[in-house]
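S.K.: All chains, please: the whole structure from these sequences, using the hints.
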Amino acid sequence: MNPFDTNIAHLLAGSMVLVSFLLLYQDRMLPLLNIFAIHACVLACSVGWQAYVQRAPHLFITALIALLFKGVMIPIALRRIVVRLGIHRTIENVVSIGPTMLFGIALVGLSIIVMLPVTQSADTFVREDLAFALSVVLLGFLMMVMRRNAVSQVIGFMSLENGLVLAASGARGMPLVVEISVGFSVLIAFFVVGIFLFRIRERFDTVDLQALDMARGEST
Amino acid sequence: MTQEWFRQLLQAALVLGLAPLLSGATRKIRARLLRRRGPSVFQPYRDLLKLIRKETVVAENASWLFRAAPYAIFATTWVAATLVPTFATGLSLSGDGDVIVIVALLGTARFLLALAGLDVGTSFGGIGSSREMMFASLAEPAMLMAVFTLSLIAGSTQLSAISAFMLGPNGGLNISIALALVALIIVALGENSRIPVDNPATHLELTMVHEAMILEYSGRHLAVIEAAASLKLLLYISLIACVFVPWGTAGDGAGAVAYAVGLGAYAAKLAVFAFLLVLFETAVAKMRVFRVPDFLGIALMLGLLATILMFVSKVPR
Amino acid sequence: MPLSTPHCLSQLAASGVGLLFALAPIGIFAARRPLGIRLTYAACMLICAGLAGVALLVLLTPASKLGFIHIPVGLPLGRTVLGFDPLSAAFAVIINLATAIISGYAIGHGAHAREPLRIMPFYPAFIAGMNLVLLAQDAFSFLVGWEFMSLASWALVVSEHNSAENRRAALVYLIMATGGGLALLLAFGLLAGPGGGYAFDQIRLAASSGVGSIVLILALAGAGSKAGLVPLHAWLPLAHPAAPSHVSALMSGVMTKVAVYGFVRLIFDLAGPPLWWWSIPVLLVAGITTLLGVLYALMEHDLKRLLAYHTVENIGIIFIGLGLSLAFKAGGLGAAAALALVAAIFHVFNHSLFKSLLFLGSGSVLTATGERDMEHLGGLIHRMPVTAVAFLVGCIAISALPPFNGFVSEWLTFQAILLSPQLPQWIQRLLVPAIGAMLACSAALAAGCFVKAFGMTFLGRPRSGAATAARETDRWSRSAMLVFAALCLLAGVLPGFVIDSIGSVTQMVVGSRLSPQAALPWFRIIPINPARSAYGGLLLFVMILIATAATAFIVRRFAAHSVRRSPAWDCGFPDASPATQYTAGSFAQPIRRVFGSVVFRAREHVTMPKPGDTAVAKLRVDLHDTIWEAFYAPVIRLVEGAADRLNKLQFLTIRNYLMLVFAALVILLIVVGTL
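Residue numbers (my numbering), protein chains in the order written: chain A, 1 to 220; chain B, 1 to 317; chain C, 1 to 675.
Hint data in this document are derived by calculation from the structure and do not stem from the laboratory.
Glycine included, every Cβ here is placed at the ideal spot set by N, Cα and C.
Heads up, some of the hints might be wrong.
Here are some chain C residues pointing at chain B (derived, C-beta under 7 Å) [to be verified]: (1) H561; (2) R565; (3) P567; (4) V594.
Cβ pair distances, simulated, as ranges [unchecked claim]: (5) C:R557 x B:G17: 43 to 53 Å; (6) B:G17 x C:A531: 26 to 36 Å; (7) C:A549 x B:V245: 27 to 37 Å; (8) A:G98 x B:L204: 23 to 33 Å; (9) C:L39 x B:R67: 35 to 45 Å; (10) B:T282 x A:G98: 24 to 34 Å.
M.R.: This is how it looks when you write it as structure tokens:
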């Protein structure tokens, strides 16, 4: 593994950590969706690079899934639903952003402390990617915990799942990566749909499409 | 030995001469981007000369500190600027001042400027000084963390050594270097009072920071302070250029041809960075004062993250 | 030649301390007349200067030629061993030098004290106690000196007993000093072991690491509370301002250094080889102390309390250096440990210089105007020019700005931090950059704090009648402050000499020393190797001077010569009232809003009357001292609750008392029976 390949892989994995921090910071709805799309695209690039470097063509499929499904389809779908529900102008009250960011950095440090000594015997390439992936997972968790808005929490969950995919792709020769990523994506889709059904029911007291059509004239 | 001193003195004169030209070029490019014709690139020189020749008006209750501060600010900024390699590395003073010294010398200049703002006892001076120190409390640690990252990677705090390391085979694409670059750019925008932190062309009290501190200055004092401000911008651009874009810099003990190449490369880097700076300034709006700590806080976080990730990406020395 | 006898230096030092102790009762008589007061202070100054000289000789003598004196007083089965070894000699130089100059200041300042009888006997005793701590080579004399130091300084704190605030400060100080002394007593007891002796060389032989861990906690509590580590710092900002100004300078600039010496002696010298995790609590506490200290200082508008909180920050910086040294020493990296220790001790030296200078300056301001509150001062640069220059030098030096000395110790600390990748443990490797970020942040905040302090006190327009009528202080005070300022500059441009003098200390404590610095060209310092880093203070200072002179000369050559004085421009809206200038609170408002809303739960409440209503608009700022509320208040409540409950024992009937006595007797008999 020549240093150039390693450097690019680290650059992409580190960019994922950086975009996770941006997700933590962002309190407006539409830019949040855009940043999540970027998160998924960076994941796709990272997995694609791993596919090229490890010469594992099945990872290209994972990259394609990440790009199409999580980078394009979900953000567009979420954007349409959010605009239709009329919550795209909300600015979320993110509690104490400064300490949250500091805690995020502490989590990155923690994942480095945990991952690097534990995997002493493994390939250096893999160890550092695992440390980055654990950071992304922990930051996704942090986002789910610190946010109050349902949409932000879902996005936090999805970024957590991106971290897991990053970890899986980094481990050379891990089986069933494609199947796992497809399964996770289906899970996410159900999750998102469930959240929005819940919100629709809360707002309109029904999920009956006919009743919703009639209520369309009065929706804000 | 004497060659090193010759290089050093040449550099001192060069930065002093180029600084107003850089300000003029920035203004010209900005005017062009806004579809104006703009003043001549050499206008800052004429402005400085005009200010020096004008009568100096000083407030009645201004003290000796008010009158002496401009010269001290200029001197510290100039000494800091001479410590940054521009067209050649291996300056004689690099054995006396490393990156930390540069940051601290700029801190001295800022300290004296803030005191000068408070000297006359007006509320504008107070606004400028208090906001400047608040920005500094985040910008200086951010810059130090970025500098630490670079020093840890290069194994030295001397700028010549860092520049030489980045030119060599080991300096390359690295997540920590990228984060340090972003952090330094944010700090440079903050410290030089550029948009989005401060508007260098405004006199509205709600929006000015640097201008508020120098509001009472006139005549030759103002000329010296303006020269110091343009030197500071040159310093930051040279710093970023010599570390992240080191190609073309003449090495230690090179000949006259290498110097010429270095000078040409340096001029090109200045032009490119000035253009990018102005492009960024015309694209964004100025931030509200209390969003600037968030902005600078990002730089601090990036610097800290870069240092922490340094331990991941590289075998420790 | 006196130097040929090993014991001679120790005898000289011991006699100096004895003289100081003897001065204390003489002070009672001398205090009746101003001339007596001046003579007492002058005697203190000379004796301290002598002690500093003796200590410097000890530092420069090779260690094998030193000897201690043994006096058969003290504990029943032990002796008292007195003498300077390199570690205590270094601290003794620092402490006695600062004390001598402060006593010089007091010759002019102390003659105007309102109740000199409350100060004069205790001042020499205080200095004597501090020197006894340094001179001690066994635990008993160490603790005796420590207690003397605490009690004498308590008496000095309570000397202005007329205000309730001072009385409360004295009470808090007494409680915390007693607690600290108890912790140190336990620490020494543990170190000596069940059968061991209390002399330091006996303790060194008996060292074991398990005991060492507990001793670390006790030393942090005992020496740390005297030095001012968070969260045991609460007495510092109460007690230091309450004492007379020269005593505040002594307490802040000097006594805290004795506490640092106590910590270094216990942990680096007596506790044996350090374990790898010892540095982690030290670094964590030090980092938090640094940041919190400066944030507290920024919220203050009482000049002396601001300086006292700032001492807390500087103690944090010193302990960061000590923690780094401990980490390197535990990791077996001798050279790095020496560098970190040099940085810490250099900062001890620097802090004793500039903090004393600042306290003396605030003392002059207090005498001249009667005000400590910055909101009532201003414009003093015109009325007190010499004090202003000295105070400015102190402010620049304490903000760690070149070319003064504060920058050199901070530079050395940063260089030590940059060596952290060599540390073996991952937690340390990630903790040290975070500590570095805290240090950088607090350095920048400190600069802001001192812009505020100098700007509000000396610059601007006078905010009260007292400030308008201020007059410059007397000759002795001025000279003392200028000597401190000159030393700040000298230590900044010629740091090599200081580093070389500390070399024998690091050799003794961590086992290696930095390469000799004094012979380098242009008096540069190169702590590690030339390719890595170097600092040339003298050359930089010369370049700044040349640049300033050249600029001034050239500009004035081409400039118009007229300088016209006119009213301030103020953007065309001049206001004659000095109340419209920025105050200390308004200067700190941006920082209060950014940092204080998290750390102090700072909230601003504005009540605005409706348009047309002539009522007054009000701004209220709520600040919570989070450490007091989280740490001290529950403890106080607990103690008071327990005391209330135990109070019931005072009001029992006679039958109840008899029952208590009977119960005690029965229990004792049971215990004796079962043994």
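S.K.: Hint by hint, say whether it matches the structure.
M.R.: The hints, checked one at a time:
{"no.": "1", "hint": "H561", "in the structure": "violated (9 Å)"}
{"no.": "2", "hint": "R565", "in the structure": "holds (5 Å)"}
{"no.": "3", "hint": "P567", "in the structure": "holds (6 Å)"}
{"no.": "4", "hint": "V594", "in the structure": "holds (5 Å)"}
{"no.": "5", "hint": "C:R557 x B:G17: 43 to 53 Å", "in the structure": "violated (18 Å)"}
{"no.": "6", "hint": "B:G17 x C:A531: 26 to 36 Å", "in the structure": "holds (32 Å)"}
{"no.": "7", "hint": "C:A549 x B:V245: 27 to 37 Å", "in the structure": "holds (35 Å)"}
{"no.": "8", "hint": "A:G98 x B:L204: 23 to 33 Å", "in the structure": "holds (28 Å)"}
{"no.": "9", "hint": "C:L39 x B:R67: 35 to 45 Å", "in the structure": "holds (43 Å)"}
{"no.": "10", "hint": "B:T282 x A:G98: 24 to 34 Å", "in the structure": "holds (30 Å)"}
The structure fails to meet hints 1 and 5 from the earlier list, while all remaining hints are met.
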